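Taking the hints into account, I'd like the entire structure generated from these sequences.
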Amino acid sequence: MASKSVSVPHRLRWPLGYTAVAVLVFLAYYYVIPNLGPDAQTFFRNWLPLTSVNEALVWVICALGLNIVVGYAGLLDLGFVAFWAIGGYVAGWLMSGKFYDVNFNFLGGASGPGIHISFWLVLIVGGAFCALWGVIIGAPTLRLKSDYLALVTLGFGEIIPQVFLNGDNIGGFNLTNGAQGITPVDPIAIGSTKLGPFDLVWKYLIFVGIAALVVFITLRLREGRLGRAWLAIREDELAASMMGVPLMRTKLAAYAVGAVAGGLGGVAFATHVNGVLPDRFNFSISITLLAMVVLGGMGNVWGVILGALVLAWINSTGLPQFGTSFNDQFGTNVNFPSYNFLLFGGILVLMMLFRREGILPESRTRLILKEPSRTDMESLHADMEEAAPELDEDLEPVIAADGTGEKA
Amino acid sequence: MFRAAKIFATVAVAGLAASACGGSASGGSDGGSSSGTMVIGIDLPLQGASKDASESTVNAMKLYLDQVGGKAGKYKVKLKVYDDSTAAKGAWDDATCAKNAQDHVANTEEVAVMGTYNSGCAKIEVPVLNQDPKGPMLMVSHANTNPGLTKSWDPGEPEKYFPSGKRNYARVIATDDYQGAAGAQFAAKDLGVKSCYVLNDNQTYGIGVAKAFVDEAKKQGIKVLGNQAWDLKQPNYTALFTNIKATNPDCVYLGGIFDNNGGQLVKDKVKVLGDNSKVKLIAPDGFSGYPDFDKLAQAQGSYLTFAGLTTTSLREQGGVGAKLLDAYKKKYGADPATNYALYAVEALQVIMKAIEGSDGTRASIRDQVFSGSGISIPADVSAVGKKLTISPKTGDVDVLDISVINVKDNEEKFLKPWPVS
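Quick note, the sequences are listed as chains A and B, same order. Start counting the first sequence at 1; every next residue gets the next number (this note's numbering). Start counting the second sequence at 1; every next residue gets the next number (this note's numbering).
Read the hints as simulated data drawn from the structure, not as lab findings. None of these values were measured; they are calculated from a predicted model. Certain hints may be false.
For the chain B half of the interface with chain A, some residues (derived, Cβ under 7 Å), not all of them [as the list claims (entries may be wrong)]:
{"hint": "1", "residue": "Lys99"}
{"hint": "2", "residue": "Lys123"}
{"hint": "3", "residue": "Ile124"}
{"hint": "4", "residue": "Asn202"}
{"hint": "5", "residue": "Thr204"}
Pair ranges (Cβ atoms, derived) [unchecked claim]:
{"hint": "6", "chain 1": "A", "residue 1": "Ser192", "chain 2": "B", "residue 2": "Asp215", "range": "38 to 46 Å"}
{"hint": "7", "chain 1": "A", "residue 1": "Asn169", "chain 2": "B", "residue 2": "Val68", "range": "45 to 53 Å"}
{"hint": "8", "chain 1": "B", "residue 1": "Val420", "chain 2": "A", "residue 2": "Asn35", "range": "48 to 56 Å"}
We put the CB at the ideal spot given by N, CA and C, even for glycine.
Here it is, written out as structure tokens:
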């Protein structure tokens, strides 16, 4: 898609590229891999099982949400796990037998006591509920800047999972089932077909679709008025407000939109694991998400996707499997997964030293990071300053507002 | 520059796609699964606090399999170990459990699963194995003590774990309700306790066992002064025990796992309420098998229950279990780090017996356990030294040994067996 000689309209490039990759992976898992020999099948089961791909897609969805808050609006959020958790619990409440004395079924994937609502509706409800919480969490942080803001979000990220953990007795009402969590969650129903635990390829398609939706929203917002306002706030809050950007509304919008993605990811994850358990939602999830955004390239959707896929894979499959192979090969007994954080930390330090802008940087960030500081400029020559970039100069300016050609 | 980044991205994405499609060349040979070999999956948390326990569990099973020549009837048996924990969490992980469940089913040679250690993990895996198109696939746990997996407990349990309508989950260990009950009976009858304060760690296991203790304590005439969760992130529990002191209990019951800051809890209990001869300290097997706990000065004089027999008493009992323990000590230089190790061997025996009587398919192996009179292991071969029968209706075991252990001289000393019905 980098080549200019191909005459694909610019606005169709990413949807086509995205669809192509998604379809390739789908075909690989649907058709190619099941027809390979047993050795190759074992290879894929060990190194790239579809469960890991699906899990990585959930990370992608959440990382894209965090990217809006951190990458676009420049608001450091250390508690993004809260939205993942809220989304997960919305799925737990509305798609399981948790509230057994209620008997409500609306196109659900299961019958019997409890609330069973269609996965697709739950996605919308989860997203909306998280948006609401995004605003609630965002509201008190509006007066704060940088470090203080980060601390408040950190606090929320710690509080919300604790609420879920201890929510089995809120005035005698069992809201969250405490540490036992809510298992199992209903299967996804498409019409009358229900996706069983082994319909991973179809779940993959659904997750890819959700990710595409989030990418679409992110990219479209970025081009529009709201996106430009976010960038303005990120660069200089004071200047932005002087130019008439409504700080409060714009920042709240960033939290809300980011939270929607977190909620979608949470609902998707609940169906992936087939349950919600509170002890998953800890601080390290927020940090890993942040690392995905920073490593991939803050503000650049493709960078963030790449960062999320790679880190999620290393976390879930790559490193343990590398350890197993290494130990088998050399007869050693090194516990590679326990060096996980050492590896992540090391990569982060190296990245900050040598490629601060991330693997796939946003063009704007890169230029800013390369620009000499003001004092440097003044001490040398004032005219060494590059012309300030006007958004991504590489992007063609006009994009049709109808936003056709969405996703897979 | 941006172009370069774009090209890099394209290459990376293409590479990812290529790696997803490639490998077809390597898959030429079509060996198929050799029909004679049955693989049993072992699903344990191999990282974090349970690491030592899980490793010795695996070792004990490997040792046993070697002793019996690696065969179950006409079938050759192999073990395959799965890790259900992640380094990042240092404990079992829900997503990893979900992934393992898929792997068990996808691995065509695998016929049954031994595990899991954590009940929460079993609750994720069992429904998946249950819906295996070639199954249901049998899972036998050596350590899941949460009652809900096999009997009515919380609403919807246990049926919600078996969507196909057929049971596929069995266990060789008594459930929490027996253990909590045994703890309460022991407190009332042997220790003469009149009032008790109950704490739990707010996790599946801890809440279950604390609830069972409370229920039985009331029946035994013990006054339950409170049942409250302890916050595992607290730096100390002085305030908690100061409040408890006001209620003036004879005993404190800790329903939970030692990993969850149990050390600090025990220290502060003694600091505020006095030593364990004055205010008794009783805990379930979540505190058993931790050298750190046994060596704690404040733990001396406390009583533990264990849902089975301890390594010591199994050795005294003699038989297959004792022989296995001796062989283990000879090979690894110490006893297994957990009392569950022999129960894992017992679970393996159940699975192997099922394989022996089956036609080698998953469905048939599962049927061995859940049809007719079920599986029973005679006393002379049983790793726990007693005849053991798995109920074909529920998958629960009929041997309900609970051991009472006394922590003394930095060691867990077997005090007496406590049979419950």
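Right, here's what the structure says about each hint:
no.	hint	result
1	Lys99	holds, 4 Å
2	Lys123	holds, 5 Å
3	Ile124	holds, 6 Å
4	Asn202	holds, 5 Å
5	Thr204	holds, 5 Å
6	A:Ser192 - B:Asp215: 38 to 46 Å	holds, 44 Å
7	A:Asn169 - B:Val68: 45 to 53 Å	holds, 49 Å
8	B:Val420 - A:Asn35: 48 to 56 Å	holds, 54 Å
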